[in-house]
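Participant: Read off the chains here:
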Amino acid sequence: MIEERSHSEIDDQRLLRAFLEEGEELLERLNAALLELEKDPGNQELVHEIFRLTHSLKSESALVGFGKLSSLAHRLEDVFERIRSGETAMSRPLMDAIFAASDLLHELMGRISRGESEAEVDSGTLIAELEELAGLEPRGKAAVSGKTTAGPVGRQVLSLSSVERFRVLEALDRGHRVCRASFELDPDETMRYPRAYLVFNNLESVTNLIKSAPDLAAPVEDDGRYGRFSVLFTTDADPEAVRKCWDVDQVRESSVEWWSADSISGSDLALDAGADGVYPGAQPASDRLRTRRGPSGRRESAEASRAVSESTSVRVDTKKLNEMWQLVGDLVTWKARLSGLSDTFLKLSEADHLKEEVAQVRDSLERITGNMQQAIMETSMVPIAVLFNKFPRLVRDLSRKLGKEVELRIDGRDTEIDRSFVEVLSDPLTHIIRNSLDHGIEPAQERLAAGKAAAGRITISAQQLGGRILIDVTDDGRGLDVDKIRRKAAAPAGMADEEVIQYIFSPGFSTKEDVTDLSGRGVGMDVVATRIRGVLKGDVQVKSDRGLGTRIAIFLPLSLAILEALIIRCRGCFYAVAVRDIEETVRVKLEGDSRGESVRYRDGAIPALRLERLLYGEPGGAAQSAEGAASPEGGFEASLAQGDSLMDASGLGSQVEEAEHNGVVIRQKDKAVCLVVDQLVEEEDVVIKPVSDLLNNTGLFCGVSVLGDGRILFVLDTVRLVEMA
Amino acid sequence: MKKKYVIFRVGDGQFGIGLADVAKIVRFENVTDVPTAPPYVEGVLNLGGEVIPILNLRARFSLARLGVSRQHRVIVVEREHRRFGLLVDGVRDILELDDESIVTDATSVPGMRAEFVLGIAKVQDQLLVLLDVFRVLAAPAEVDARVRQGMGGVGLQ
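Listed in order, the protein sequences are those of chains A and B.
Just so we're aligned, residue 1 is where the first sequence starts under my numbering, counting upward by one.
Just so we're aligned, residue 726 is where the second sequence starts under my numbering, counting upward by one.
Hints are computed from structural coordinates only; laboratory data are not their basis.
One thing to keep in mind: the hints can contain errors.
Computed Cβ-Cβ distance ranges for the label pairs, DEER-style [to be verified]:
#1 B:Asp824 with A:Arg367: 49 to 57 Å
#2 B:Glu803 with A:Val361: 29 to 37 Å
#3 A:Leu365 with B:Glu754: 15 to 23 Å
#4 A:Asp603 with B:Phe859: 30 to 38 Å
DSSO-like, lysine-lysine: derived pairs with alpha carbons at most 27 Å apart [said to hold, decoys possible]:
#5 A:Lys669 with A:Lys589
#6 A:Lys484 with A:Lys543
#7 A:Lys401 with A:Lys319
#8 B:Lys847 with A:Lys320
#9 B:Lys847 with B:Lys749
#10 A:Lys319 with B:Lys749
All residues carry an ideal CB built from backbone N, CA and C; glycine is no exception.
Pulled out of the complex, with its shape left as it was, chain B reads as follows:
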């Protein structure tokens, strides 16, 4: 079966999430800071009257944070009527992938927590890590602790 994926960049890595989970892709603009939120929450965004938390995937993947550039995008994902924004370094493409071209034995991604990963696909000689977004949202607190203590920085490759 074929499914569509939104392909985006975080650090040096290429990632994909199912298009079906994506509600919108917007620029990183007019974001309100939330001082009391955990460090990986970048702030909140007003999307048509709804207040949506934005998660910084760099922080989530324990990468160093960067200033926000013009390429940055917020991918708004939705499940069970709850919406979250994912701050990514750039959105590349929307690709259709065949289930058969996806390797689901994902423990082999260096530096990436296995539970985030749905599978890996190879597109034009580049590795594409397909993510389970909702796992990313609900990761154990230990990651947060590491980030908070400034111990992040484990690269992808």
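So that you can see chain A by itself, here it is in the shape it has in the complex:
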């Protein structure tokens, strides 16, 4: 195997990072598609997708010079090429070999990300096996190293950064053509750089030069390096006119290739490792172009649209995202300051011509800032599918290893969670699922004897529930061994089973006895609980029925989640209620005594909760309310506006109050309550952040949010509100 690493040094680190991010995602998708294919072997669309994934993987890895990864991906691509064309039929052994190849790709990727060499990994045996099973011609080393047209060893590789790639795509979109040209200089020539630079300079004046290798725009290095050089450019000029650019003494053209949007295809541009000029993303380019051009495109639209989503999605480092959040936050704050200042200016200034302009600038700035905040807000969320998608493979492998039959069901893939949760949740969920498979699900015979279906069932689901996200892992296995837990935890006698089983989350509960090859790995449910409770500020609970199964419920705060909220006001401060939990907003009269107020609602009565009392305590009561009255502003104003003063005595005594209030009917499942508030303000999408314990003595809040104008509001926990009534 040839280990080619002579690619351009400039963007090495950045390229590598980008590759690792993209590569990992490609592998994940490959894995998911393979699992699908195993269930549905005749699905041509899947075969096609896998072909495309392996192809991208091959090109991406070749780009950063990982020969082994690339050639293995290439072989997989060849296999699927044959499956696609019907030359090779899918078989069980072939499928297994393909899965093994996918695992090996994972391993290689892992090594690369840890900075280890690929060299120690043997991919030859597996490649040979694949070749045999798929009936492929074995490839020699020369073949593996690619279509080296004229290429003596050591040719420059033109690797494109994402910006450069974008520029190429953009040019193709505009109908320009792309050209890659390589040149050689007379070996005896002693002024190589000046001559190469002349070509570079000429090209720059007639074309859009994307890249040159060696970089001719950089300060001159050792003249010897310029004996060969390559350029990539886009242009709409006539090829003959362009050709004149390299009509320079002693410069000989060694290869020139042209592509347009119609003629470009993956195999044209994305060559193998070690070949000169590797252009990643060429395939998406053409796909994207065809899609844009609509019905005349050669591919089916479904496929094309998938190609679009591929080429437009990238992974982003969470840290970077947080940084962006921070910056947008700052921007919003300063924008608010500026808006305030410009308002003052508009009032005071007499320069009418300036006033109009200032107002315009302010409005534009406000609009842009708003849009930007919205955009970043959306970037922070990912569908939980990102996390769930790796579980089918996990379940498949484990169930095979354990000789158990298991059906996996996944619900609520679209549930959006904060990007930063994905990483933290991955291990705990994996552990829970391992546990289910290892300890929960019984062997088929035992299941049949117990009157269950032979195949066990594990369900993973996610949903947004009130101000939280609920992730459930349920199995229909034998349930937890309550007696064993009781003994081990030395639970007090008489403690109910439901309580005893919560001990599995106590620190240090899991012991060696539990640690098997599968569910072991040194972490137990206590670690799971610590991570969920500690890091994510969530909660985890377990329910178990002997013989019927186990359910593990993970509750997470929404964190950076976006919430469609109704903003309400109380004593000059703002609060938010999740619109999804609101049945309706009503005008109500309060009934009953001060201990248990209620309101008439739809032919019945539901409990009423006065927000003001929840926040500030009972009228005239505790120090807390005096505390609250010291709020900087707005307290009085709000009460006056609503005629609903704290000291209003009409809430006492059993009678119907005369005054009408604003009520928000909140429902959780079968129970509804009416939250009585001062004022309903507006509906808005808000970003929820975790609320500090320091501020949340009462647990009334599930988050805090900052509005576009810098105002802070607290998000009321609807689940808790309904519980309280």
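Model the placement of chain B on the given structure of chain A, informed by the hints.
Facilitator: Just chain B, lined up with the frame of chain A:
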């Protein structure tokens, strides 16, 4: 070794905290009230999109609360990515102090809980109490209880 300290005033006392812990010093403006928070929490502040609780050091030191004046400042401190604001009566200065000029036997500060105190320095004939801010943040609940019952008011000197 020399370290820099932000010197501020609470009541009649002069205090200092390490500059390294300080992220920002801002005016006490646009503070949102949080009715459910403990009494020594003055409210929350929006600092570049982050919501930061503000602790009233007067309440923390069991002093009577005052109205907020123009001199009041919020010192934003940061540790382990968590930020808090400390409401102080005024920020005086930033001083560089030599470790050797700091007396670390701090039990002798009248009216001040020993665990808050890192040490005492004497600057221009005035006593300067250097605080461990994060101890101040995480003080036992008993102080809160006293403040809540209106039993505060133990002076510094």
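Participant: Next step is simple, just say for each hint if it's right about the structure.
Facilitator: Results for each hint:
Between aspartate 824 (chain B) and arginine 367 (chain A) the beta carbons are some 54 Å apart, a value that agrees with the proposed interval 49 to 57 Å. Range check, glutamate 803 (chain B) to valine 361 (chain A): about 34 Å between beta-carbon atoms, so the 29 to 37 Å window is met. Between leucine 365 (chain A) and glutamate 754 (chain B) the beta carbon distance is about 22 Å. The supplied range of 15 to 23 Å therefore holds. For aspartate 603 (chain A) and phenylalanine 859 (chain B), the hinted distance range of 30 to 38 Å is not satisfied, since their beta carbons lie about 56 Å from each other.
Between lysine 669 (chain A) and lysine 589 (chain A) the alpha-carbon distance is near 24 Å, which keeps this suggested pair within the 27 Å criterion. Note on lysine 484 (chain A) and lysine 543 (chain A): the hinted pairing holds, with a Cα-Cα distance of about 16 Å set against a maximum of 27 Å. Distance check on the hinted pair: lysine 401 (chain A) and lysine 319 (chain A) sit about 38 Å apart at the alpha-carbon level, beyond 27 Å; violated. Distance restraint check for lysine 847 (chain B) and lysine 320 (chain A): the Cα-Cα separation of roughly 45 Å exceeds the 27 Å cut-off, and the hinted pair is therefore not satisfied.
Taking the CA atoms of lysine 847 (chain B) and lysine 749 (chain B), the gap is near 25 Å; set against the 27 Å cutoff, the hint holds. A C-alpha spacing of about 22 Å is found between lysine 319 (chain A) and lysine 749 (chain B), which places the hinted pair at or below 27 Å, so the restraint holds.
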